[in-house]
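Protein chains in written order, with the numbering used here: chain P, 14 to 463; chain Y, 14 to 463; chain B, 14 to 463; chain C, 14 to 463.
Honestly, the hints are just simulated from the structure, not real lab data. As the structure is a prediction and not an experimental result, all values here were calculated from the model. Possibly wrong hints are sitting among the right ones.
Same chains, same label: a pair holds when it works inside one copy or across any pair of copies.
[Claimed, not checked] Calculated cross-link-like contacts (lysine to aspartate or glutamate; reagent style EDC-like; alpha-carbon spacing at most 20 Å):
no., residue 1, residue 2
1, Lys22, Glu41
2, Lys22, Glu51
3, Lys456, Glu380
4, Lys44, Asp23
5, Lys285, Glu51
6, Lys369, Glu380
7, Lys271, Asp188
8, Lys125, Glu335
9, Lys125, Asp446
10, Lys125, Asp405
11, Lys211, Glu143
12, Lys142, Glu208
13, Lys409, Glu41
14, Lys185, Glu208
15, Lys406, Asp188
16, Lys185, Asp425
17, Lys56, Asp23
18, Lys456, Asp405
Protein chains: 4
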Amino acid sequence: MSNADLVIKDGLVVIPGTGILETDIAVEGGKISALGGEFTGRKEIIASGRYILPGIIDPHIHLGIFGDLVSEMETETRSGLLGGVTTVGCYMGGPDPYYPSFSNTIAMTEGKVSTDIFFHLGIMTPEQKEEIPRLIEELGITSFKLYMAGIPGLIPDVEDGFLYQTFETAAKIGDGIIICVHAENPSINATYRAELQKVLTDGSLADWSDTQPNFSEEEAVRRASYFAGLAGNRLYFVHISAAESIRTLAAIKSANPKIFVETTSPYLSVTKFSSKGLLAKMVPPFREDASVEALWQAIQNNIVDTIGTDNVTQTLAVKQVEKGMWGAMPGYPALGTHLPTILNYGVNQRGVSLVKVAELMSKKPAEIFGLYPQKGTIAPGSDADLVIIDLDKTVKVDHRNLGSAGDFSLFDGEELKGWPIMTIKSGQLVVKDSQLVGQSQGKFLRRSIG
Amino acid sequence: MSNADLVIKDGLVVIPGTGILETDIAVEGGKISALGGEFTGRKEIIASGRYILPGIIDPHIHLGIFGDLVSEMETETRSGLLGGVTTVGCYMGGPDPYYPSFSNTIAMTEGKVSTDIFFHLGIMTPEQKEEIPRLIEELGITSFKLYMAGIPGLIPDVEDGFLYQTFETAAKIGDGIIICVHAENPSINATYRAELQKVLTDGSLADWSDTQPNFSEEEAVRRASYFAGLAGNRLYFVHISAAESIRTLAAIKSANPKIFVETTSPYLSVTKFSSKGLLAKMVPPFREDASVEALWQAIQNNIVDTIGTDNVTQTLAVKQVEKGMWGAMPGYPALGTHLPTILNYGVNQRGVSLVKVAELMSKKPAEIFGLYPQKGTIAPGSDADLVIIDLDKTVKVDHRNLGSAGDFSLFDGEELKGWPIMTIKSGQLVVKDSQLVGQSQGKFLRRSIG
Amino acid sequence: MSNADLVIKDGLVVIPGTGILETDIAVEGGKISALGGEFTGRKEIIASGRYILPGIIDPHIHLGIFGDLVSEMETETRSGLLGGVTTVGCYMGGPDPYYPSFSNTIAMTEGKVSTDIFFHLGIMTPEQKEEIPRLIEELGITSFKLYMAGIPGLIPDVEDGFLYQTFETAAKIGDGIIICVHAENPSINATYRAELQKVLTDGSLADWSDTQPNFSEEEAVRRASYFAGLAGNRLYFVHISAAESIRTLAAIKSANPKIFVETTSPYLSVTKFSSKGLLAKMVPPFREDASVEALWQAIQNNIVDTIGTDNVTQTLAVKQVEKGMWGAMPGYPALGTHLPTILNYGVNQRGVSLVKVAELMSKKPAEIFGLYPQKGTIAPGSDADLVIIDLDKTVKVDHRNLGSAGDFSLFDGEELKGWPIMTIKSGQLVVKDSQLVGQSQGKFLRRSIG
Amino acid sequence: MSNADLVIKDGLVVIPGTGILETDIAVEGGKISALGGEFTGRKEIIASGRYILPGIIDPHIHLGIFGDLVSEMETETRSGLLGGVTTVGCYMGGPDPYYPSFSNTIAMTEGKVSTDIFFHLGIMTPEQKEEIPRLIEELGITSFKLYMAGIPGLIPDVEDGFLYQTFETAAKIGDGIIICVHAENPSINATYRAELQKVLTDGSLADWSDTQPNFSEEEAVRRASYFAGLAGNRLYFVHISAAESIRTLAAIKSANPKIFVETTSPYLSVTKFSSKGLLAKMVPPFREDASVEALWQAIQNNIVDTIGTDNVTQTLAVKQVEKGMWGAMPGYPALGTHLPTILNYGVNQRGVSLVKVAELMSKKPAEIFGLYPQKGTIAPGSDADLVIIDLDKTVKVDHRNLGSAGDFSLFDGEELKGWPIMTIKSGQLVVKDSQLVGQSQGKFLRRSIG
Ligand SMILES: [Zn+2]
Ligand SMILES: [Zn+2]
Ligand SMILES: [Zn+2]
Ligand SMILES: [Zn+2]
Ligand SMILES: [Zn+2]
Ligand SMILES: [Zn+2]
Ligand SMILES: [Zn+2]
Ligand SMILES: [Zn+2]
């Protein structure tokens with residue numbers, strides 16, 4: 014292993030499922046070629062005493078919702094890269110059939126994305142449900158999403174019959190496909206919203222939380238899990254936010270190993286009492302402290318499988334906080350702070366282990382979405398996507414340094430402790446000390462149901 | 014206790030919660046005045062060796078759906094009386110506010126009903142929900158019904174938000190009010206119906222069963238129970254039909270004593286393979302054998318609390334079996350065979366005890382709906398509603414003998430063993446050997462939330 | 014019903030399983046001959062507004078442990094009668110075969126006991142286990158007891174193998190027989206006792222509690238329930254005392270309806286911090302407040318089936334409190350305060366209903382031990398054992414008024430509110446205002462496995 | 014990585030927790046120095062297409078029970094090595110204090126053992142329990158064993174009080190110590206044995222199974238788990254054999270992550286109907302087919318954590334099958350067939366994955382007993398203990414080829430498919446095609462509680 018392209022020397026390598034090893038990493042042709050030591054390479058990074066994680070996979074982002082899709086492909090994956098994210102899973106959807114126009118969308122990523130990218134497609138119509146086999150076969154897309162509660166005016170709700178039929182379709186295809194579900198009860202939400210609208214012409218972030226109560230999420234989780242148990246498909250709950258849902262998922266998961274749970278780094282960091290006010294308006298909304306603590310506990314107890322961001326590129330001009338609780342738009346950028354918030358609130362403040370971080374932020378997203386072991390670990394043969402971190406580095410967040418097209422951050426002005434100091438993508442050092450230092454070429458990740 | 018109005022001598026008196034006692038019953042002023050012996054009365058019935066049950070309470074009938082309301086008040090309560098039913102609970106509903114017009118409906122019962130009668134009112138609109146307190150206060154109606162799945166074209170579905178709000182309203186009022194729920198998932202039903210309509214232009218009774226699958230009921234049971242657990246109200250599931258629902262209710266009831274379960278005597282007697290074919294078309298549909306057995310087991314295990322009929326006056330001309338599976342109307346008359354089917358299939362065929370029969374067909378309906386101990390037991394002070402049975406009497410069912418305006422029976426031509434031989438209503442012998450022998454004056458039962 | 018032997022007029026009659034009825038009770042030949050009214054009798058008791066319970070059945074007493082058996086038959090049943098107890102279940106045991114010598118013991122009761130009496134026999138040897146069928150058949154004894162932990166030096170521990178074999182023997186005989194178990198783990202007790210003996214030469218009542226920790230009882234409850242679940246026999250836990258046991262029994266009972274739970278009126282009234290100190294030394298020991306509250310809660314939740322006393326005639330001379338924690342003898346008399354403590358602590362202080370009191374202190378003991386409906390209810394044909402109570406009567410306890418040969422009470426000096434004011438045994442008024450006013454003739458109750 | 018001591022080229026490397034990677038392994042100084050490729054070494058093994066597992070760790074063997082301890086150290090570890098086992102955990106015990114004489118035992122291993130070895134010590138007396146801290150500190154022994162049921166005449170039973178106290182001792186020390194438990198109910202066993210002795214003077218292997226019924230194990234599992242839940246210690250059940258225990262452990266483990274379960278390769282391969290007859294006499298006994306299937310299912314469901322052998326060197330002369338069911342001695346050698354039986358019955362017959370095999374036979378034993386990641390995985394820095402297997406190799410078992418001092422095998426004459434073809438110990442090729450080809454130097458593994 015002399016004359017590798019790159020050798021990272023003397024790091025503390027965090028291998029999910031194995032532990033932390035003090036070892037060199039050799040890279041050739043964009044892939045990890047060897048672990049061990051002592052290696053020599055044409056380039057060397059001395060990582061003495063630094064922890065090295067597999068590149069972070071954010072399984073849940075959105076692009077092009079409020080801005081230009083191609084432009085956001087560029088800005089948002091760059092923001093991810095600055096924060097140690099090397100792969101993103103992006104939700105796309107609309108009322109029309111996907112095949113064959115979506116191949117155009119895939120083609121657009123070329124030369125634009127600096128992280129690798131894969132897509133999840135929203136299934137909203139019977140036609141789209143029919144397309145699933147060929148979307149898998151011909152486009153290499155193996156994950157699909159159903160909105161039990163959509164966004165009023167934007168995304169329609171899916172009724173139980175259609176939900177269940179889609180589960181059955183997935184179950185027939187097998188465990189290579191995974192169905193993602195946004196779990197809330199639309200009727201409960203609508204009722205609470207209407208009740209509040211009678212008495213509040215405007216409201217705070219905490220009031221917004223009351224428009225979609227915690228039990229609306231828990232109920233939907235119970236119902237979707239029930240249907241999935243009957244149908245036999247793999248089911249993935251996106252952005253779980255409430256303590257009540259976690260409690261119920263603990264029981265559900267112990268009986269059904271095909272159910273997976275995602276939360277987000279913002280839900281682990283922010284409550285409805287945030288000083289950011291309506292800038293933090295989101296769907297589902299931020300919850301009270303007890304839910305944040307329940308989510309962290311669920312990470313320790315293996316109830317949560319993955320952590321995403323639900324990143325939406327959002328600007329003050331679009332968000333329009335000045336329109337008040339009812340008028341402001343939901344969403345926020347979060348890719349640039351994804352890993353730092355977990356290092357700060359999880360590792361440094363709550364003693365979460367780095368092995369756990371690597372598991373929930375890299376290995377399990379890769380496994381669940383069919384990318385493992387190309388992604389998700391540090392092993393010979395895997396893509397050389399790596400992030401070197403400094404647990405003691407403290408930075409006061411300024412959104413201007415985060416690379417996103419968004420012009421605010423939920424964490425602006427807050428000091429976070431624990432940051433990536435180098436991001437290596439496909440064997441190339443692309444970020445150093447939060448600055449781009451190389452040209453990263455991301456690619457579309459075609460998957461198969463094996 | 015000499016010179017009672019009536020003394021029933023030497024019967025085996027089945028007292029729910031106590032057991033079977035060989036004792037005389039004395040009646041004065043329409044009420045039971047004494048138990049014991051030896052009493053003498055101006056009239057005497059020698060019941061030596063016969064079992065005497067408290068008058069059967071059918072908590073679930075409909076009147077006036079396909080025929081004239083006032084006319085059916087007369088014919089159907091008469092049919093009940095012939096079969097040992099002395100009190101009925103009748104579901105009424107419509108889109109308009111109930112108050113004050115429903116007092117007219119109550120007034121209509123006078124002189125028409127030969128059993129006692131109480132009403133449950135369907136809550137379908139926010140206005141009706143608002144009326145609840147005064148319906149209780151001024152009309153003495155304390156039970157209300159929500160249709161999670163209505164009847165397409167006739168009764169609208171209730172959405173979860175409205176369901177939950179109504180539960181909360183009930184919880185605030187307290188345990189004197191009870192919310193009845195028709196539990197099915199309307200979207201699952203609609204989806205299965207649509208799928209079947211694509212492939213079947215007509216179908217059998219068994220095919221009809223596939224349009225509303227068992228798990229549609231189970232899911233709704235789980236969801237309504239979840240909401241009731243949160244809200245804290247008393248909840249009563251009408252006409253549970255599927256083994257799957259029973260399984261789930263066993264767990265639910267052990268955790269929440271405020272949940273009650275009704276099944277019907279037809280669901281305990283008939284399967285989807287009935288030789289009656291589409292004449293037995295019903296909503297929910299008849300199920301397979303395993304569900305019938307699960308319901309009987311649930312009776313032994315205290316999962317089922319009450320047995321009703323879901324009686325609808327139905328005629329061949331209205332039912333229109335000739336229109337096939339999709340066109341025939343649902344429903345059937347069942348009051349006249351209510352007790353005989355339970356005596357035949359339960360007591361004689363499966364060894365269900367008469368104490369259990371008295372509990373599920375009289376005491377618990379009375380307790381749950383606020384009529385106990387005026388109704389539901391045999392004790393000094395209770396109304397003298399009694400039914401004397403002959404467990405060995407075998408009769409081949411002929412609907413013409415059952416007193417209903419309906420012109421068929423699910424059991425026509427079938428021999429049932431175990432029949433009432435005398436019905437005593439308010440202390441008066443009104444039915445003897447399936448013939449009316451007295452003029453029975455039923456009354457509206459006004460209830461309060463105590 | 015004119016000229017009954019006795020008529021109790023206008024009382025509020027508490028009928029377990031039915032409710033509270035305002036009705037007269039007629040008595041003839043020592044049995045209840047009629048309920049209702051208006052009756053006239055040769056004797057009449059005007060009970061206007063007073064609650065009338067079925068005679069209390071204490072299913073758990075001991076006689077002749079420290080004193081003379083025949084003498085205690087006289088004094089202790091008299092004490093019971095003064096307190097409203099009309100039937101006692103007495104545990105007897107010894108190393109020798111019971112048959113045929115135990116018929117002598119039965120014969121001794123004649124003319125001595127003033128309550129009715131039935132016996133439970135301890136099964137300690139294989140020979141005794143073999144005797145069970147003929148003890149049932151020839152002596153009419155259908156309940157037997159196993160000590161998982163005996164009393165060191167007095168009663169041997171039963172090992173699991175023997176316990177399980179006895180359960181199997183019972184299961185074969187059927188549900189007419191019931192096995193009572195003293196549930197504690199003898200090895201845990203011995204270990205904790207030995208540890209404490211190393212450090213304490215004497216100790217308080219609270220220290221005594223530490224010699225038999227709560228979990229020693231819980232573990233034994235779990236183990237015996239496991240064996241009973243396998244064998245299929247009916248199992249009755251005597252004197253359950255700890256919150257931990259209750260918690261575990263809630264789960265166990267929901268899965269196995271053949272398991273029954275007794276607690277005692279002292280365990281519902283007294284904690285290890287009692288001012289009576291070592292006078293309250295007992296096996297199992299008194300517990301902390303949380304256990305007392307858990308027991309009351311278990312009464313409301315139907316986890317506890319019966320309430321006994323575990324009465325042992327005890328005197329200061331025998332108890333020898335002056336010998337300290339290790340030397341004092343266990344036990345106390347409790348029959349005379351049995352009902353008053355439940356009326357005081359349960360009905361008056363915690364709102365427990367009188368129907369519940371009648372169920373746990375009369376109906377269920379009768380049902381479980383095969384005496385129902387001769388005992389345990391107020392119905393035509395039942396024995397006329399009745400107790401009329403005054404819920405407002407307050408008395409400061411003085412053991413000298415309680416009729417026992419014991420010369421102290423756990424409640425001496427304490428004011429209890431709620432007392433029996435008349436006890437009627439076999440139709441005869443025998444106690445009035447805590448004074449014997451008639452000659453009560455108790456009898457041995459022979460049972461069968463029906 | 015040129016000139017490594019050894020390079021294993023082109024194998025399919027099974028890394029528990031990661032997956033199967035096609036990669037080279039470089040070894041230096043007895044440890045794995047690098048994974049990846051292409052490496053060159055002074056020695057090279059071409060493993061193209063062969064699976065390479067981490068060296069198998071058998072956590073449960075016995076030495077010196079019926080034969081000479083030192084001699085068996087030599088013969089039995091050699092037998093292990095031939096079968097791919099590179100580390101053994103050996104149970105030792107006796108009535109005397111261990112400290113300081115056990116350092117002699119440790120010293121004896123030097124030059125004798127060809128696998129690495131660690132010891133578990135039986136705790137049978139209070140003195141031994143007191144020694145635990147210094148046995149950890151000074152001898153590096155961190156695992157201890159309690160026999161709830163001993164071997165009559167050889168090993169005494171431990172009573173619950175002592176068991177619980179030892180659990181508490183362990184809980185205070187922390188999660189670095191682990192308590193192993195032989196879980197059977199001695200009283201149930203004694204009772205069943207005595208019953209059978211009354212009727213059988215001799216019996217078959219299946220009869221022997223009846224002397225220690227399945228529920229004897231399940232009950233002990235429940236009881237020990239209950240005590241461990243209270244105390245808070247880590248608990249390891251050795252040699253679980255019965256379906257009933259598995260069922261109960263599924264529930265227990267979901268609530269308590271500190272409970273671990275071992276089964277043995279013989280229990281996964283042999284039933285009580287084995288043609289080997291009393292040669293297979295064992296404690297606990299072999300069970301019926303359903304238990305074997307339940308154990309395999311438990312492996313798939315993560316209820317079983319580790320697989321051992323419970324190897325006892327046994328000879329026909331000592332076993333004395335001719336003495337019949339009651340007289341024959343228990344035990345058998347199983348080290349040499351340990352991995353082949355799992356490859357045959359698990360991988361080849363039931364589709365168990367090799368990643369699962371590596372996890373249960375190497376990683377988890379290492380983790381649970383404090384040897385990870387020195388042992389239990391294939392990673393830079395780990396000991397270079399490796400076993401290369403051929404899943405298609407079929408061999409008819411002949412105990413004469415297995416290297417043990419035992420002179421029979423449970424599998425003599427049976428064809429097993431799936432065998433190790435090379436064993437590498439500390440970087441040295443020591444076994445090739447079931448022949449010793451090198452001098453393996455095993456060592457005592459000193460552990461600490463971290
Ligand atoms: Zn969403
Ligand atoms: Zn999203
Ligand atoms: Zn309905
Ligand atoms: Zn209906
Ligand atoms: Zn006891
Ligand atoms: Zn006792
Ligand atoms: Zn063992
Ligand atoms: Zn062993």
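Right, here's what the structure says about each hint:
1. Lys22 / Glu41: Both ways: lysine 22 and glutamate 41 sit 15 Å apart in one copy and 18 Å across, limit 20 Å.
2. Lys22 / Glu51: both (8 Å within a copy, 18 Å between copies)
3. Lys456 / Glu380: Intra 19 Å, inter 38 Å, cutoff 20 Å: intra-copy only.
4. Lys44 / Asp23: both (18 Å within a copy, 17 Å between copies)
5. Lys285 / Glu51: Intra 50 Å, inter 54 Å, cutoff 20 Å: neither.
6. Lys369 / Glu380: Cα proximity of lysine 369 and glutamate 380: in one copy and across copies (15 Å, 16 Å).
7. Lys271 / Asp188: Intra 9 Å, inter 30 Å, cutoff 20 Å: intra-copy only.
8. Lys125 / Glu335: For lysine 125 and glutamate 335, the Cα distance exceeds 20 Å both inside one copy (33 Å) and across copies (66 Å).
9. Lys125 / Asp446: So lysine 125 and aspartate 446 fail the 20 Å test inside a copy (23 Å) and across (55 Å) alike.
10. Lys125 / Asp405: Result: close neither inside a copy nor across copies, 33 Å intra and 49 Å inter.
11. Lys211 / Glu143: between (42 Å within a copy, 16 Å between copies)
12. Lys142 / Glu208: between (35 Å within a copy, 15 Å between copies)
13. Lys409 / Glu41: neither (36 Å within a copy, 46 Å between copies)
14. Lys185 / Glu208: between (42 Å within a copy, 17 Å between copies)
15. Lys406 / Asp188: Classified as neither; 41 Å inside a copy, 32 Å across copies.
16. Lys185 / Asp425: So lysine 185 and aspartate 425 fail the 20 Å test inside a copy (47 Å) and across (45 Å) alike.
17. Lys56 / Asp23: within (14 Å within a copy, 26 Å between copies)
18. Lys456 / Asp405: Answer is neither; intra-copy 32 Å and inter-copy 40 Å both fail.
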